[in-house]
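There are 2 protein chains.
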Amino acid sequence: MALGAREDLGDARFVGIETLSDSGSTPDACVRRALTRGFDFVSVSVAIDEFATSVDPSTYPAKPLTHGDRALSGSEWSTRVVLRCSPEVERLAGAGDARGTRALNRELKWAAHVGAHAVAMNINAGDPTLIGRLLGSHVASVGETTRVWARTRMSGDKAFDDDAYRRWAATSAACDENSNVRAYLHITGAPKERREWERWLGERVAACALSVDSFVPNARGFPVLPKELQALVRAMFERGIQVVLTDYNESGVAAKKITPESVENEGERVSGDAAHSFRLYWEYLVYIFRGIEPLSEQALAEVPYRDHLQAPLQPLMDNLESVTYETFERDASKYIQYEEAVRCALLDVVDEDQEGTVMVVGAGRGPLVRASLRAAERARRKIIVYALEKNPNAIVTLQHLLVEEGWQEAVHIIPGDMRTAKLDAKADVLVSELLGSFGDNELSPECLDGAQRFLKPTGVSIPRSYESFIAPIVSAKLHDAVVACKDKKALETPYVVQFHKTFSIGGPKSVWKFEHPNHDGCIDNERYARVSWSHSEIGDISTTLHGFAAYFDSTLYNGPAGHVRCSIHPASHTMGPTGEPMFSWFPMYFPIRSPILIDSRSASSIEFVIWRRVDVHKMWYEWAVTAPSRGHVHNLNGQSYWIGL
Amino acid sequence: MALGAREDLGDARFVGIETLSDSGSTPDACVRRALTRGFDFVSVSVAIDEFATSVDPSTYPAKPLTHGDRALSGSEWSTRVVLRCSPEVERLAGAGDARGTRALNRELKWAAHVGAHAVAMNINAGDPTLIGRLLGSHVASVGETTRVWARTRMSGDKAFDDDAYRRWAATSAACDENSNVRAYLHITGAPKERREWERWLGERVAACALSVDSFVPNARGFPVLPKELQALVRAMFERGIQVVLTDYNESGVAAKKITPESVENEGERVSGDAAHSFRLYWEYLVYIFRGIEPLSEQALAEVPYRDHLQAPLQPLMDNLESVTYETFERDASKYIQYEEAVRCALLDVVDEDQEGTVMVVGAGRGPLVRASLRAAERARRKIIVYALEKNPNAIVTLQHLLVEEGWQEAVHIIPGDMRTAKLDAKADVLVSELLGSFGDNELSPECLDGAQRFLKPTGVSIPRSYESFIAPIVSAKLHDAVVACKDKKALETPYVVQFHKTFSIGGPKSVWKFEHPNHDGCIDNERYARVSWSHSEIGDISTTLHGFAAYFDSTLYNGPAGHVRCSIHPASHTMGPTGEPMFSWFPMYFPIRSPILIDSRSASSIEFVIWRRVDVHKMWYEWAVTAPSRGHVHNLNGQSYWIGL
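Chains as they are written, first to last, in full-length UniProt numbering: chain E, 1 to 645; chain Y, 1 to 645.
Derived from the structure by calculation, the hints contain no laboratory data.
Some clues are possibly wrong.
Copies of the same chain look alike in the list, so a pair counts if it fits in one copy or across any two.
The calculated DSSO-like cross-link candidates involving lysine-lysine, where the alpha carbons are at most 27 angstroms apart (straight line), are [as the list claims (entries may be wrong)]:
(1) K63 x K426
(2) K256 x K158
(3) K109 x K618
(4) K256 x K422
(5) K109 x K390
(6) K509 x K109
(7) K426 x K382
(8) K422 x K390
(9) K63 x K422
Next comes chain E alone, as it looks inside the complex:
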C-alpha cells in the first residue's frame, strides 16, 4: 500500500521492510506478510543458511542454498524483493578471499537470475576497490535487470559518516561510476549539520534504510524522527528515493522499537509478528509523505526537465520554432521586468514632447514589441518601434499581429540580421532578449556589438549588462547522463538543466561581465577567469565534484528612474507577480570528464579556470579544474562544442 497517491515523487511512495524476524522465512512468505502490513516490498537474505554459502561454490551442494524462485512470479521478484548478500560472504569477499568472492558471485548471480528488484551488499567493511570491482564486474555481465544497492551508513557521528561517504565514493570510482551500482544509506542517527546529509542528494542513492534506532519518542510516546532526519526524509522523498524501515543497525544488531503505553500492541504480543509492530513507524512516514507541499502548476510542468540534459540552442544558425516562442512568451515575469526597464529608460532618455524610437532587435513573435508599447503608455511617451527579425517564419506572425493588434502606425517590421540589416533610423532604446542561461552563451555580446550602430549617442541598451557565475556541484545523475551519450564530445559540452538531484559544494562566484553599448575602440569579447572555493567555504566534509553549475545576473536598466534586474542566480532569482520564480531559463551544467573526490582530510580547495573564446565563425568555452589537482582543458579549440556566429 503506497504512502500516498502522489506520482510526482516516483518510487518514493513505496516503502519496504527489513526485519530480523524474517530470518528463515521464504521470500514469498515475507512478501505476503509485508503486503498485509502495508509495506510494498521486503529486503530479505538471499541464503537459507548464510554459512552454507561459504562452502566451495565450484561444486554442486546436495541441498539448495537458497529458496526456490517459483513461488513468486517474475514481476513479483522485480517489484517486491530486494535480496541481501550474506554477511560472512561479504566479509570474505571484501577481504579478497577467493572462495568468498566465488560465493558472493553466486549470490549476486542468483539475484539477477530471479530478477530481484535489487541486490544489497554491505560496503562498510573490506577494501572498496575490491568490492567496487566485484560489483562493477557483476552489473556489467548481467545487464540492466538487477541493480546493486551498496549499503553504506549514516550514524550522526561526523568523522564516522565522512569515512562512510569516502568508502562509497571509492567503491563507485572502482566500478567506473556504474549507474547501476547505487547507495543504500542505512540511517541510525541524525547528523548535526545539514550539509553532512545534503551531499547525498547529489549522489546515486537508491534507497534509505531507516533504522528504528533513528526515531525518538514524542511527548505522547509515539516514534517520530528528529528534526534533521525529518528534513532528510522529506528531501529524499522529493527526489523519488524510497525508504526501507528496519529493526537493526547496519552491523546487524537488533534495535529496540518505541511502543507508547497507550497503544495495545496486541499484534506483536499475540502473533509475534514484528511487521505489525512497525505500524506506528509506517504511519509516521505516511504523515511525512503527505505533508510534502504539492508542486505548483509550473513546477509540475518542469518535472520532465529535472536533471534532463538539453543541448544549448544555436540561436543564430537555427531559426526558433513556433512552439519555442510560445513557451518563452508564457513567462510573464520576464516581460514584466522588460516592460519596467523600457519604462524607466523612456522616462530618463526621451523628453515628454519628443517621439522616442525603440528598436527591438530579435523581435520574434513580438513579446518585446508589446512590452515596449505598454511601457510607453505607462511612461506617457509617444514612441515608434522598429522590430528587427531574421526568422522569416516569425515575420509572418509579426505581419498578422500588425493587423490584429492595430500596430500598423506604431510598428515597422524590418526583416534581417541585426548585425547586417540596413536601416537609417537611430534608436533611443535598443531592446533585446538574447541572454542565455550563462548570460553571454547565446552570443548576446556579438549580436549587440553589431546592433549598437543603430543607437543614438544618448541611447541605451536593455539589457545594460550581464554577469556570469559558476558553482561546483555534486551531481552523479548528470554525470551519468553525459557518460550515457557514449561520445567524448558529450563530456565537453555545457547543457541547460533543471537541477534536481544536485548538491552545491560552494556558492556561485562571478567569472565575467559584459556591458552595452560597448564604446571600446577595439571590442574584445574573449574572456578568461579563475575562481576558487577554499576548504572553509566548502565546509569540513568530503564531497564528489561532478562539474559546475552556471548562472547569469543581468541589469536590464539602471538610471535615475529605476534599477531593473533579471537574474537566475540562486541568491537573486527574479520572481514573478504570483510569487513563482521566473522560469524562462534553467541553469547550465559544465561537466568534467572524471568525478573528483574533495577529501575533507586533506583540506582541499577547488579551483576552476574558464575561457570564452571567439573566432570569425564561432564562440566557445574551454574549462579546466586546477585544484585539488590539475586536470586537462575541456573543449580545447571548441573541438566538441561551439555556437555558430
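Chain E is fixed; fit chain Y onto it per the hints.
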C-alpha cells in the same frame, strides 16, 4: 472524437478531414469546424493564396503568405493539423524549377516552424529523385518534429497503381529511406487483387486519404465501401494507420457525395457546411473500426513485441534468467506436443514390463521433466528421468521441485553441460527443447550431436528432425529499426520479431534439415542453400524487398504410435488447446543492407543464398541476394553476428 475507445490500434482511432470547402478558411477555423463534426484533425493548405507562394521567395512579400500561427497552440498544431503544399509549387519544384524549389522549401519550413502534425506533398507528378532529395533534405534539417506525408495514389487501375507504387519506392530511395518521409495513400477506387494493396502494409504508410469517390451506395442508398476496400481499411486500422476522409480525388477534382434520399441533409443545405455532409461516411468508419475483432489476451501481451527487433539468445554462453523460463513454461501448447511425442516414443521403444530411461538434456526449471512423467503415466510405462542442466540457478529450482513434487524417486538431477557431462546411464528417449525460431539457430545440432552418446542404439531423440524456411518480405519498419541502430553490424544480424507491418512477397521455402540421432561417420553441420521465387510466384506487382522471414517446422516424433509436429511455419503453425497459436517462438528476420525494388515490368525473380557455418568456437549464418541482381554476402566470416559454442 475518436472512432472508438480501443487504444491497441494506435492513432487509427483518430480520423481527419480534407475538404474543398475549407479553402480560404484559417487553420483554426477549419479545426474548430472539424472538431464539432466529429473529426480529430484537418488537412489544410499551407498557403492563403497558392499562387502567391510562387513569387520569388528570396524577398519578403508585403503581405503574409500564410495564416498566422498564434490562433492555435503548439499542441493543437501538432495533433490537429496536417498542412498541404500548394499544387503549383509542387509542380514547379517537381520539375526542378529553382523558384518553385525555394517556394516549396518555404512551405515545408513553415510547417516545421509551427510544428504541424505533418506536411503533405504530392509525389504523383515530377521527378521522384528531385522530390525525394527535397523531402530528405528538409526532414534532415528540421529534425524529427514534423513528418512528411508523400501523397501517392490507389485508383483500382493495376498499371496506374503499380506506377504510383514505383514512384513512391523511388522517392523513398532518393531520400535514403528516411523514416520521417511516409506515404499518404489517396484512395479513389478498389484494386482487383488483394496483393495489389496488401504490399502497402509493409511500407511506411502514415495515413490513407479515403475519397468519397471510393464509396458506393448500399441498397438503402447509404455510402459503404466495396468489399476489397473494407478489408484494406480494416488492415490499415489494425496497423495503427489513420484515415482522412476527402471530397476530391488526388488531382484536386471534386467528388460527388452519396446522399440517401431518406436522409434529410439539412446541415449542408442550410449552412453549406461540407463537414456535416461527411457524417454518414464518418459513421461508416466507426462501424468498420468497432467491428474489428478484439485481440485475445495472448495477442494483447504480444503487442509490444510487434515489429520489435530482439537480438537472438546466446543459449550456451549465457544462462537464462528466471523470468525467461517462466515465459517459456507458460506456453501449454508446446508442452502438450512434447508430452504426446514422449508418450508415442515410450509406447514404441519401451516394453511394458521394462523401466524406461528418459534423459532431459537442458532441463531448465523442469517443464520437460514434468511432461515426460505425465507421458509415462498416460503410456503406462515406468520410467526414470535424468535431468541434465548447466545453469546452477536452474538447478536450485530443480532441487526444490524434487521435494515439492515428490520426484525424489523418479528424477535424478545431473549438473553439467550435455556435451561434456559424465554419466553412465543410457537413454531410451533423449528429450530436448533447443530449437530456435530458425530451427538450428540456437545450436540444437551441435548440442544433440554431443548428447547422443547417452542414447541406447534403439533410442530416439525428441525432436527427431527440424527444417528451416525462408520467405522474402516487404517490411520498411524492420529495415528502419535496423538502420536506426547506426551500426553496420546491425544490418548483418538476424533478429527475433513478431511480424506486423509486413507483406510476404513469396511463400516460405525450405533451405535445410537436421535429423537426430545423426549416425554419420563424420558429422558436418555446415549447410548451403539457394532458393528462388519466380516472377509468377511473386505475382505481377512491384514490391520492395526489405529482407527475409525465417521459420522452422519440426517433427518431434514419428513412429508407429504417432507423428507429432511442432512448427511455426505459417502453413502448419502448431495450435494450442484453446485454438490459440503456440507462442513460444516468434519468426526471425534476416535484414539486407539496402532495400531492392522488385519491378513488375522487368518480370524479375528473387534468388537468395544462405550458408550455415561452424568453427570450434561459434556458429553463424551468411546470406546474399543473387537476383534480381547480385549483392554482397552479409556477415562474412561471422564478422557481425555469431552464436558461441
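Evaluation of the provided hints:
no., hint, result
1, K63 x K426, "between (91 angstroms within a copy, 26 angstroms between copies)"
2, K256 x K158, "within (24 angstroms within a copy, 84 angstroms between copies)"
3, K109 x K618, "between (51 angstroms within a copy, 25 angstroms between copies)"
4, K256 x K422, "neither (81 angstroms within a copy, 54 angstroms between copies)"
5, K109 x K390, "between (60 angstroms within a copy, 14 angstroms between copies)"
6, K509 x K109, "neither (48 angstroms within a copy, 42 angstroms between copies)"
7, K426 x K382, "within (16 angstroms within a copy, 105 angstroms between copies)"
8, K422 x K390, "within (13 angstroms within a copy, 79 angstroms between copies)"
9, K63 x K422, "between (88 angstroms within a copy, 21 angstroms between copies)"
Comparing the model with each earlier hint shows violations of hints 4, 6; every other hint is respected.
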